[in-house]
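Chemist: Residue numbers (the numbering used here), protein chains in the order written: chain A, 1 to 534; chain B, 535 to 983.
These are computed hints drawn from the structure, not numbers from a lab.
A portion of the hints provided could be inaccurate.
[As the list claims (entries may be wrong)] DSS-like, lysine-lysine: derived pairs with alpha carbons at most 30 Å apart:
hint : chain 1 : residue 1 : chain 2 : residue 2
1    : B       : Lys973    : A       : Lys79
2    : B       : Lys973    : A       : Lys262
3    : A       : Lys262    : B       : Lys972
4    : A       : Lys86     : A       : Lys23
[Said to hold, decoys possible] Sample of chain A residues facing chain B (criterion: CB under 10 Å; computed from the structure):
hint : residue
5    : Asp69
6    : Ala72
7    : Lys292
8    : Leu503
Note that beta-carbon positions come from the ideal geometry of N, C-alpha and C, so glycine has one too.
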Amino acid sequence: MSTYDRSMALTGQPPKQLSRNQKIATLIGFFGLTVILLAAFNVNLPNKALWLSISLGAITAGTVWFAWDMYANKEPGIKNDGVWFKSISSKGFWGWMAGIALTSFYIILYFYPEYLGLVAKGDNKGVIGLFDPLSRALSGNPASQWFVYGTLYTVAILAFGIKFLWKYRHNRYERIRTISVMFFQTAFAFIIPEVMARLNGSSVLNGGSLPYYDLKNMWPLNYYNFEGYRIKSFLSSGDIGFALLIFGIATIFIISPILTFKFGKRWYCSWVCGCGGLAETAGDSFRQLSDKTVKAWNIERWVVHSVVVFVTLMTTAVIYSYLGNDTSKYWLTKSTFLISVAVLLTTVFALVMIFKREQLQKDAKYGAIGYFVIIMALIGMHFLSGDGNVFLFKSETLRKSYSFLIGSIFSGVIGTGFYPILGNRVWCRFGCPMAAILGFQQRLFSKFRITTNGGQCISCGNCSTYCEMGIDVRAYAQKGENIVRSSCVGCGICSAVCPRGVLKLENGPLKGRIDSNQVLLGNDVDLMNLVNQK
Amino acid sequence: MENIIIIGNGIAGVSAARHIRKLSDKRIIIVSAETDYFFSRTALMYVYMGHMKFEHIQPYENWFWEKNRIELVRAFVNSVDTENKQLLLDGSRALKYDKLIIATGSKPNKFGWPGQDLHGVQGLYSKQDLDLLEVNAPNKEVCKRAVIVGGGLIGIELAEMLRSRDIPVTFLVREDSFWNGVLPNGESQLINEHIKEHHIDLRLATNLKEIVGDENGKVKSVIIQETGEELACDMVGLTAGVTPNIDFLKDSDIELGRGVKVNRHLETNVKDVYAIGDCAEQHEAIGNRRPIEAVWYTGRMMGETVAQTICGNKLEYKPGHWFNSAKFLDVEYQTYGWVFGARGKQDYEEQFHWRHDTEKVCVTISFHKDTNLFLGINTFGIRMRHEIFDRWLTAERDVDYVMEHLIDANFDPEFYRNYENQIVSKFNADFGKSVKTKKKSIKRIFQFS
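Excised from the complex, chain A in its bound form (with noise of 0.2 Å):
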């Protein structure tokens, strides 16, 4: 039983309560998110650029107002203070109702978008209409609900960051990569594909248009990049188009494998990636709330594994679908793919149960053959049923499904809807297939670690509560054991959090990162050799 639930009595409750200056910030911000909302009710207002910026400016100003009051007067540190007895960080009411606020907004935004405005021939309405004016001015169109969200997504992630930025101003580590988060958005995510856009029909794609392109956003997280009508487009607008769609390629088979064997995961998920960066500003005031059970670990690998086995399936039929078979037109034919495919899947596979396959646990040896025999089987089908449906569903059925499961209620719904019941990476725990196939390679194959620093830890547990991605951090510290795991996104926060020094990020020998023999300094050296025989 916890203590603090214990004083129902007279003694009073731990304070929790809003500053006053708190309490108008919190006003300011609701009131920019008013606006919004009157807008979806189609009052139409007057000037739309004004009251745009208006609302912006309210939602953005109350958060950083609320944020400067918070942290302000404060000595630099750790600022965990009453995290478990407010409602909104605890699971409690408000948190509750962030929650269902959340998700009916993102059930709206994919699936009912008519209702923010959205209208197919004509001029946009409500909330979408007053969005257009921005959309406008950057791209030179009208706006959709995709630009709506990404507005408010930057906005999100810019006001947060600089609440994250006061919170952790004594820690460089933090301050460096909040940097980084704030800016791949507000650049690559949601300036540069809409002025990418004005470039359509000009002489320098050769009158071609280029597919909607964040960057830094590659496949599987992009998992729509490969597919026909965004390869026509890429290969229709000129040497700009071509190289794009190699870089497309090179980011998951080249510069990504470089990057995190040098420095883990993290130079993507909590340095670059655009749902990274919201989890770790607008979600930072959730991450206690992952679940740390062996058990959520278990259904953990099993999930998420299943999301890259699942859109790499969807991937291949869809290229699959739209290539010819005719070797005379095109040298990459249905065949050819599919045997390349299968070539890729069958060296990784085979090179990972040579030299590798002592550092997997039984189960993910079986889960790896499992799956690997699905895939070989249903690549296999094609060249036995001749040129039926490759992987018993049409192409299109596949990816309709997972733009709807995972694309849509996994990422969005579930993912950043559930962030004050879940915790703030759900998505990236449970259902991003890139961070399952970067933290393959982080655990098999990258100098990053987060080393323990000997024998000074004291099992407090604060490196676990605030673990984001749910690893039970203090398991592996208080046995002086490095934490090497394929989940671990490197934001930090459980060096940051920790006491007594014993956590640090950093990149070092392959020999030796994974240890787990108990290296507790201090001790007796006989001692150990003892501890550690099996």
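Given chain A, work out where chain B should sit, using these hints.
Modeler: Here is chain B on its own, set in the frame of chain A:
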């Protein structure tokens, strides 16, 4: 099957149980009156501060104990009958043992101050103390001022806890500077300043004369010895150190001093009875260590050692190089090897001190006057790599070597500012040396080529 009973479910008792299970199939029973499950005592403060819930400070999930066949009994041990090899639980039941491990930890010191047992006066050690604090000081309306008596690690933690709920705190410290029995002067001074930055009313060289109660037997104020000043308060925290929690053994045949007397094998004078952790007292101190060590990791190490002995591999308790760490409000402290405070400073000991101009960062390095042998380091606001200092202490490096390679030992997070060059140039100036700092070398740190 041999029946092992462990009294106390703290880090020492639980480490012993875990390692006995690893080594054997013996029956293991842990008896505790405090809580159902093991928790991290050092983390109690974070529960009051709202950083964690109580369940978060339990290092193992609840199924762990059954899975590892470690039986947990919630009961208070009244006495130990070594002749019949049994314990009396809750004044009624008897529990037989074949081997007994006493790991009952400590209890807060009370020095006979008038009023020390009034309502609203408490120590901070157990889960019960934490629950009591929620009653005595739930917020600043119920507790308009708290007075803390005793300037050690628990005292400053209690002050931090109360300040997290905006409760005004007066902190009475007997010494003329915070914890200067342990810390050298410069460091102690830095912490004095930091305590005041957190708006804690720090009273140095101040003793408690008495605690005054109201007509209901609840604390009303304290009176200060030196000035006779009376301070109104609603809660008094007694944090003047701890003492072994062994009252239940007074009538047994087990030899007691301040703690349970043990030899280097952690055996008591009675066969098949062992004592580990905070409650164990060595007949003779080991090196510079104290005979009673109330430190988290020594409890763990004693548990590991006694497990070996009980499982047939008789082993001496041999702690390695001294180290420790703590956090004073926002300033982290680490120590490796021996650096003594002004009072305990050894004749052969020379100390080098560096402090940053503006930040709360400082370092004290201790070395041998004549031989230059590196003896130890204290750091505030800089994290150091345990493994490196352990290696240097074992290799008996001299202070110049340590200075030259100081950057290798840095354990701060990436991108943190480094102070090694400033530190070494002050060292050179102070002692007329010309040590040049080397560049950080991954190869040296991880010892590969």
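Chemist: Please go over all the hints and tell whether each is borne out by the structure.
Modeler: Quick rundown of the hints versus the structure:
no., hint, verdict
1, B:Lys973 - A:Lys79, "violated, 34 Å"
2, B:Lys973 - A:Lys262, "holds, 21 Å"
3, A:Lys262 - B:Lys972, "holds, 24 Å"
4, A:Lys86 - A:Lys23, "holds, 15 Å"
5, Asp69, "violated, 14 Å"
6, Ala72, "violated, 15 Å"
7, Lys292, "holds, 8 Å"
8, Leu503, "holds, 9 Å"
This entry does not satisfy hints 1, 5, 6, going by the numbered hints stated previously.
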